[in-house]
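There are 2 protein chains.
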Amino acid sequence: MSFDRLIEGIRRTKNPTVAGLDPKLDFIPAHIKEEAFAKYGAALEGAAEALFVFNKELIDALCDIVPAVKPQAAYYEMYGWQGVRTLARTIEYAKSKGMFVITDGKRNDIGTTMEAYAKAHLGCVEVEGTATEPFGADALTVNAYLGTDGVKPVLNVCKDKDKGLFVLVKTSNPSSGELQDRKLDDDMTIYRTMGNMCEKWGEELMGEYGYSGVGAVVGATYPEQLGELRKALPHTFFLVPGYGAQGGGAKDVAPAFDENGLGAIINSSRGIMCAWKKEEGLDPKDHAQAARREAIRMRDEITALIPIK
Amino acid sequence: MSFDRLIEGIRRTKNPTVAGLDPKLDFIPAHIKEEAFAKYGAALEGAAEALFVFNKELIDALCDIVPAVKPQAAYYEMYGWQGVRTLARTIEYAKSKGMFVITDGKRNDIGTTMEAYAKAHLGCVEVEGTATEPFGADALTVNAYLGTDGVKPVLNVCKDKDKGLFVLVKTSNPSSGELQDRKLDDDMTIYRTMGNMCEKWGEELMGEYGYSGVGAVVGATYPEQLGELRKALPHTFFLVPGYGAQGGGAKDVAPAFDENGLGAIINSSRGIMCAWKKEEGLDPKDHAQAARREAIRMRDEITALIPIK
Chain A
303 MSFDRLIEGI
313 RRTKNPTVAG
323 LDPKLDFIPA
333 HIKEEAFAKY
343 GAALEGAAEA
353 LFVFNKELID
363 ALCDIVPAVK
373 PQAAYYEMYG
383 WQGVRTLART
393 IEYAKSKGMF
403 VITDGKRNDI
413 GTTMEAYAKA
423 HLGCVEVEGT
433 ATEPFGADAL
443 TVNAYLGTDG
453 VKPVLNVCKD
463 KDKGLFVLVK
473 TSNPSSGELQ
483 DRKLDDDMTI
493 YRTMGNMCEK
503 WGEELMGEYG
513 YSGVGAVVGA
523 TYPEQLGELR
533 KALPHTFFLV
543 PGYGAQGGGA
553 KDVAPAFDEN
563 GLGAIINSSR
573 GIMCAWKKEE
583 GLDPKDHAQA
593 ARREAIRMRD
603 EITALIPIK
Chain B
303 MSFDRLIEGI
313 RRTKNPTVAG
323 LDPKLDFIPA
333 HIKEEAFAKY
343 GAALEGAAEA
353 LFVFNKELID
363 ALCDIVPAVK
373 PQAAYYEMYG
383 WQGVRTLART
393 IEYAKSKGMF
403 VITDGKRNDI
413 GTTMEAYAKA
423 HLGCVEVEGT
433 ATEPFGADAL
443 TVNAYLGTDG
453 VKPVLNVCKD
463 KDKGLFVLVK
473 TSNPSSGELQ
483 DRKLDDDMTI
493 YRTMGNMCEK
503 WGEELMGEYG
513 YSGVGAVVGA
523 TYPEQLGELR
533 KALPHTFFLV
543 PGYGAQGGGA
553 KDVAPAFDEN
563 GLGAIINSSR
573 GIMCAWKKEE
583 GLDPKDHAQA
593 ARREAIRMRD
603 EITALIPIK
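Chain order of the listed sequences is A and B.
Note that the working numbering has the first sequence beginning at 303, numbered continuously upward.
Note that the working numbering has the second sequence beginning at 303, numbered continuously upward.
Hint data in this document are derived by calculation from the structure and do not stem from the laboratory.
By construction, the Cβ of each residue, glycine as well, lies at the ideal position given by its N, Cα and C atoms.
Errors might be hidden in some of the hints.
[Stated by the list, open to error] From the structure, some residues in chain B lie toward chain A, with a derived Cβ separation under 8 Å:
hint: 1; residue: Leu-346
hint: 2; residue: Ala-349
hint: 3; residue: Gln-374
hint: 4; residue: Met-380
hint: 5; residue: Asn-410
hint: 6; residue: Thr-415
hint: 7; residue: Lys-421
hint: 8; residue: Pro-436
hint: 9; residue: Phe-437
hint: 10; residue: Thr-473
hint: 11; residue: Asn-475
hint: 12; residue: Glu-506
hint: 13; residue: Met-508
hint: 14; residue: Leu-564
If we strip away everything but chain A, and leave its shape as in the complex, we get (with noise of 0.2 Å):
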C-alpha cells in the first residue's frame, strides 16, 4: 500500500540504489552461456536458462549490500515464454533473498486490461476458486498516458497487497522532452503535470516515512527537472533510472532525494551487469564479484553525497 517495505530496505543496507537486470546474452560470461546451452540446446529454452543462471549468480552476490532488483521485461520478453519463466523465476528468487523487486514493465491500457496487468505483475489470479500469483513483484513501472482509469486497478491490487507502481514522469531518454517538455495551456509541462497526477493518485495509499505507493519514473539524465519535482511532489517516491551507463553520475542524481537522504532509488542495469567486462584480468566466473564491487562503488559515490539518516 506504499513504499514502506522498500525504504525499510534502503535504510537497512543504506543503500538508495537499485541492481536493473537486463540481462542480454552478450551480458553473460560465455561458461554459463556454454552450460545452459549444453543442456537445453542453444536456442531459446538454453538462452533462457544462461539468463536465470546469471541473475541467480548477480542475486546471490548482491542481496545483502542492495535493496532492491528491477527486472526489465523487454529483456525477458525477447527470449520468448522461455524468457518470461526465467523473469518469473528471477523474481521468485530475488524475493525468496529478501530483495524488494520492482518489474519494469511500463504497463498500460484501458480499464479492464490494465486489472489484468495487475493482477499479472503483482495480483493474483484465480483458477478454479485457488488464488496463484503469475509473477508476484512488489511494484510494477506504468506509463499513464491513458488517465486516471488506466491506474486505478493498479492502486487497488497496490492497496490489497501492500504493494507500488511508478508512474512515467520524466524518462532518462534524449527524446523524452518531445512530449514531456512541452507545455500545456495552463503554462505547466507534461512531466510536471503528470508529477502532479501521481501526487493525486498517491493520496489514499499514504506510508510512514511521508511517501505513497505511487511513485514516479524521472530520469538521471535531467537533474534540473529531478530538483524541480523533488520539490513539487513530496509525497511521490522517485525511480531514478539513467545512472552509469547512461550517463548520469552522482551529483546528477543528488537532487532527487529529501534531507533524510530518502526519496528516490537510483538505478544501475549495465554498470552493475557488465563490470566483470572492464576489471582487466578477471576470470569471467567472478563476474558477480565484479558486480558487487560495483554495486559498492555506487552505494558509496551516492550515500558520500547524500548520507541516509
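Put chain B on the given structure of chain A with help from the hints.
Showing chain B alone in chain A's frame:
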C-alpha cells in the same frame, strides 16, 4: 514495411474488422476448461491450455471471413509464463491460417530496451548465430510517451521485416481525455500532436495504398476525434477499439474510414468472444459458430454503412 498486407486481407475478405483475442477464463465454455484442467491441472498450466483451445476454435471459425486477430498481451500475462506461451502459440496458429496478427502490448521504453521489445514481438533474436522469432506478430501497439527514440527501434524492425506498429493517439477509455485532450501552448491537443508524429514517423514506411506502416489507435468511443484525425492524418491507418462492449456502434466508427472504405480496422473482443453467452439455448460446444455469426453481423453492419471499394 507498411500495412499493405493488412489492407489486402481487408479487401480479400471485404471486412475491415479484427477479432480481439482477450480470453479470460470467464469467457471460455466449461467443457473446454474441464478438459484442460483434467489434462494439465486446475492452475496456470491448465488455464493456459484452455485459453489456447478457445482461441484455436475461434481462429478456425473466423479465419476465412475476418482478416486479422488482436491478442491482448495482458490477458496472457495474467496466466503467467504459461499464458505467455499460449500467446506465442496463438500467434503462430493464426498466422498459419493466413490471419494478420496485431499484438496489443502497448509497449514503450527507451531506445535500447525498445529494441528488445521490437525483436521480441515483431523481429528475431539471435542465439549462437541462429535467428529465432520469439513471438512473430505482424504488428504491435506502442505507447509513444517517450518520444521518437522510443519508437525508432520498432520502425527499424518494421522496415526490415515488413511489419507495422500502431501508436496510441486517442484511446477509447473514459479518462483518455485527462491528458490526451489537453491543449499544448500551440493550441493543439496532445492526441493531435501524437497523431502528427505518426504521420512523420510513417514517411519512411509508405505503402501502395497510401498508408504507412505507422498506424494510430483511436477509440470508437470518440467519433468526433476519429473524424478530425482521419482528415488530419491521411497516411495513418487506424486501429479502432471500443466497438461493441465499450459502447461504439457502426455510426461511431464510420468517420474512421476514407472514401474507399479503407484506412481503418475496427476491433471487437468481448462482442465476438462472448457471443455464445447471448444466444439462448445454444450448446456451448458451438461457441465458435456464435462468434462467427457475430463477426458476420458486425462486418455487415459496418460495410452497409461504409462499403469497401
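### Hints breached by this structure
Violated hints (numbers, rising): 12, 13, 14; every other hint is consistent with the structure.
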